[in-house]
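Protein sequences appear in the order of chains A and B. Anchor point for the first sequence: position 259 equals 259 in my numbering, and the numbering is continuous, going up by one each time. Just so we're on the same page, my numbering is the position in the second sequence counted from 1, plus 272.
Incorrect hints may have been included.
As the list claims (entries may be wrong) - Coverage of chain B stretches by chain A, computed from C-beta distances (three or more under 8 Å per stretch; other residues unrestricted): (1) 387-399; (2) 493-499.
Unchecked claim - If you anchor each label on the Cβ, the simulated ranges turn out as follows: (3) B:L456 / A:V21: 30 to 38 Å; (4) A:V21 / B:R337: 35 to 43 Å; (5) A:V251 / B:A510: 31 to 39 Å; (6) B:P316 / A:L43: 49 to 57 Å; (7) A:S167 / B:A465: 47 to 55 Å; (8) A:L43 / B:I452: 37 to 45 Å; (9) B:A542 / A:R47: 52 to 60 Å; (10) B:L376 / A:T215: 38 to 46 Å; (11) A:V21 / B:D415: 14 to 22 Å; (12) A:G176 / B:S379: 34 to 42 Å.
Said to hold, decoys possible - If we take Cβ atoms under 8 Å as the criterion, some of the chain A residues that face chain B in the derived model are: (13) A20; (14) Y89; (15) A111; (16) S119; (17) A240; (18) P250; (19) L261; (20) L266.
Worth flagging that the hints you see were computed from the coordinates, not collected in a lab. This one's a predicted model, so the numbers in the text were calculated from it and none came from an experiment. Even glycine gets a Cβ: it sits at the ideal position worked out from N, Cα and C.
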Amino acid sequence: MSRGGRLRDALVLAALAAYAVPFVWQLLTSLKPEAELLRVPPLLPTRLTLDHYRVVLEQSLIPRALLNSLGVAGLTTLSALLLGLPAAYALARLPVPGRSALLLGIVASTAFPQIATVSPLYLMMRALGLRDTWTALVLAHTSFALPLVIWLLAGFVREIPPALEESAAVDGASRGQALRFILLPLLAPGVASAGLLAFLFSWNEFLFAYTFTATGASRTVPVALALFPGVFEVPWGDIAAASMLASLPPVLIVVGLQRYLVRGLLAGAVKD
Amino acid sequence: MTRRERADRRRGLLLMAPTLATLAVLTVYPGAWVLWLSLQYRVPAFGVDRFAGASHYAFLAGDPRFWSAARTTALFTVASVGLELVLGVAVALALVGQRRGRHLAFSLLLLAWAMPAVVTARLFEWLYHPAAGLLNVLLGGLDLNWLGDPALALPAVVLADVWRTLPFVAVLAYARLLGIPTELYEAAQVDGAGRLATFTRVTLPLLRGVLLIAVLFRTLDALRAFDLMFVLTGGGPAGTTETLTVYAYRGLFQMLQLGFGSAVGVVVFALVMLVAWAYLRLLRAGEAAA
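Full structure from sequences and hints, please.
Shown next, in the form of structure tokens:
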């Protein structure tokens with residue numbers, strides 16, 4: 001084997017270790033008996049236990065927070081797609097006045113720092129009586145997920161040749177039919193990519209969620225995890241178990257829907 | 273304009289309308305409001321609400337805590353983005369042409385990028401634990417207090433951020449590398465180019481475009497980073513990891529000075545826009561010269 005080959009093997013191995021070890025360590029911590037947590041070495045526990053998961057699921061806010069996160073991220077994804085799909089189509093296909101300025105504004109708003117809008121949004125939510133509700137988070141998250149979704153989908157629509165819809169129109173299909181039966185099926189993988197990124201954004205978002213929520217009624221998983229209580233000392237095993245549960249949707253997406261995730265990731269970055 | 277064109281314009285606006293209304297209310301209006309707020313004394317806890325003019329900004333100009341936060345933000349951004357770039361490209365180069373373990377490595381990288389930053393923070397907090405942290409154990413039983421030592425805390429936060437965001441650079445570079453035809457490398461070999469020359473003359477120029485985009489995205493993200501340091505260190509110890517975003521947050525929701533905190537938020541906003549603008553200009557100039 002060449003020198004380059006060996007170097008490459010070593011690098012891949014190092015990268016694998018650098019990423020696998022923290023994950024495995026966290027998993028191991030979540031399964032370790034409490035008494036062995038602070039006694040390292042040895043690195044491996046004498047036995048595995050589900051005690052930490054039991055505590056997290058029965059006595060903490062995490063189950064409720066998982067439900068809140070699922071609801072908020074699901075509704076954010078839905079509203080971003082429902083609003084974004086027609087807008088992306090219009091920007092890609094129709095002679096919208098001020099099109100390039102609109103596109104620029106949409107890209108710029110994906111770069112908007114949340115810290116700049118958190119105080120007005122906080123006042124707005126308070127005035128509307130929306131503090132500590134799902135609605136507040138869905139609105140705030142949609143303001144960031146929507147530009148991202150439009151940007152991605154407009155690119156995906158442009159990749160589909162307009163000739164396909166036009167020929168359907170020649171064959172006597174109405175514009176609505178052409179969209180529904182020609183464009184939408186071709187766009188479906190793109191919709192999946194954009195939806196996944198919107199979902200992940202909302203699932204992971206912390207600043208708004210931390211600011212607008214106050215109780216289990218709306219606290220999402222990242223907030224519950226950041227505020228995970230310890231009575232006398234930090235409950236590392238419970239926190240590790242809660243982290244594992246908080247990572248579940250990202251893990252499922254990376255394992256099951258990787259193709260769509262990567263397509264979205266690349267499209268968002270490499271367009272124009 | 274034909275009737276059909278006019279109908280299309282109308283249809284386009286109609287399709288855009290819900291989005292424009294949403295963004296007007298949730299992005300543009302708060303964006304203008306924060307500028308206004310930053311010119312106010314607004315302390316809801318004491319019922320204070322009056323015009324302040326530019327006095328918050330004048331205060332910031334002489335505020336050592338603000339300048340320390342600005343310095344920390346700059347250090348964090350430069351160190352984090354620089355390391356991500358170099359290591360991300362190295363990982364991408366290693367992955368291309370590697371058979372065994374490639375899919376697993378790729379999935380792990382994606383997972384680190386897709387997880388909530390709060391999870392990453394909790395994970396590293398435990399790795400950094402002075403007595404039982406894996407890092408100290410692997411370093412041969414050191415007892416470094418990574419997050420408690422003012423000299424180590426910022427590097428520790430940078431390391432966690434690099435771990436979390438290097439995959440973004442690596443995935444982008446990797447996808448670009450897969451698109452480079454092997455004939456190019458063969459041609460370089462025929463021409464007698466060595467490994468280094470091939471890298472600097474063939475690989476790097478082809479990666480340039482995608483890396484420039486990656487650096488822009490990552491720089492903007494690093495400038496407004498919040499979750500990681502807020503959860504890992506809360507800005508401490510001794511303020512050594514307090515970035516502008518964390519300072520703004522403390523002003524807003526811990527000192528409860530909505531006007532002052534908003535002024536710091538506006539500075540972050542201006543900084544992000546300035547960097548994006550300067551970067552795009554630089555990119556244009558580079559393209560014109562090339």
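Hints and how they fare:
1. Residues of the stretch 387-399 of chain B with a Cβ under 8 Å from some Cβ of chain A number 11, which satisfies the need for three, so the listed coverage holds.
2. Beta-carbon proximity to chain A at under 8 Å applies to 4 residues in the stretch 493-499 of chain B; the threshold of 3 is reached and the given coverage holds.
3. For the pair L456 of chain B and V21 of chain A, the beta carbons lie near 36 Å from each other, so the given range of 30 to 38 Å is met.
4. One distance hint, 35 to 43 Å for the beta-carbon pair V21 of chain A and R337 of chain B, holds here, with the actual separation near 37 Å.
5. A hinted range of 31 to 39 Å holds for the C-beta pair V251 of chain A and A510 of chain B, which are about 37 Å apart.
6. At about 50 Å, the beta-carbon gap between P316 of chain B and L43 of chain A stays in the expected band of 49 to 57 Å.
7. The given range of 47 to 55 Å is respected by S167 of chain A and A465 of chain B, whose C-beta atoms sit roughly 49 Å from each other.
8. Remark: the range hint 37 to 45 Å for L43 of chain A to I452 of chain B is upheld by a beta-carbon distance near 41 Å.
9. The supplied range of 52 to 60 Å is met by A542 of chain B and R47 of chain A, whose beta-carbon atoms lie about 56 Å from each other.
10. About 41 Å separates the C-beta atoms of L376 of chain B and T215 of chain A, a value consistent with the hinted range of 38 to 46 Å.
11. Between V21 of chain A and D415 of chain B the beta carbon distance is about 20 Å. The supplied range of 14 to 22 Å therefore holds.
12. Our hint of 34 to 42 Å for G176 of chain A and S379 of chain B holds, since their Cβ atoms are close to 40 Å apart.
13. Residue-level restraint check for A20 of chain A holds (minimum Cβ-Cβ distance to chain B is 6 Å; threshold 8 Å).
14. Given hint, Y89 of chain A at the interface with chain B, holds; its Cβ is 6 Å from that chain's nearest Cβ, closer than 8 Å.
15. Interface restraint check: A111 of chain A against chain B, minimum CB-CB distance 5 Å, threshold 8 Å, status holds.
16. Using the Cβ-Cβ criterion of 8 Å, the hint placing S119 of chain A at the interface with chain B is satisfied: the shortest such distance is roughly 5 Å.
17. Given hint, A240 of chain A at the interface with chain B, holds; its Cβ is 7 Å from that chain's nearest Cβ, closer than 8 Å.
18. Because the beta carbon of P250 of chain A sits about 4 Å from the nearest beta carbon in chain B, less than 8 Å, this interface hint is met.
19. Look at L261 of chain A: its Cβ gets to within about 7 Å of chain B, closer than 8 Å, so that hint holds up.
20. The beta carbon of L266 of chain A comes within 5 Å of a beta carbon in chain B, closer than 8 Å, and the hint placing it at the interface holds.
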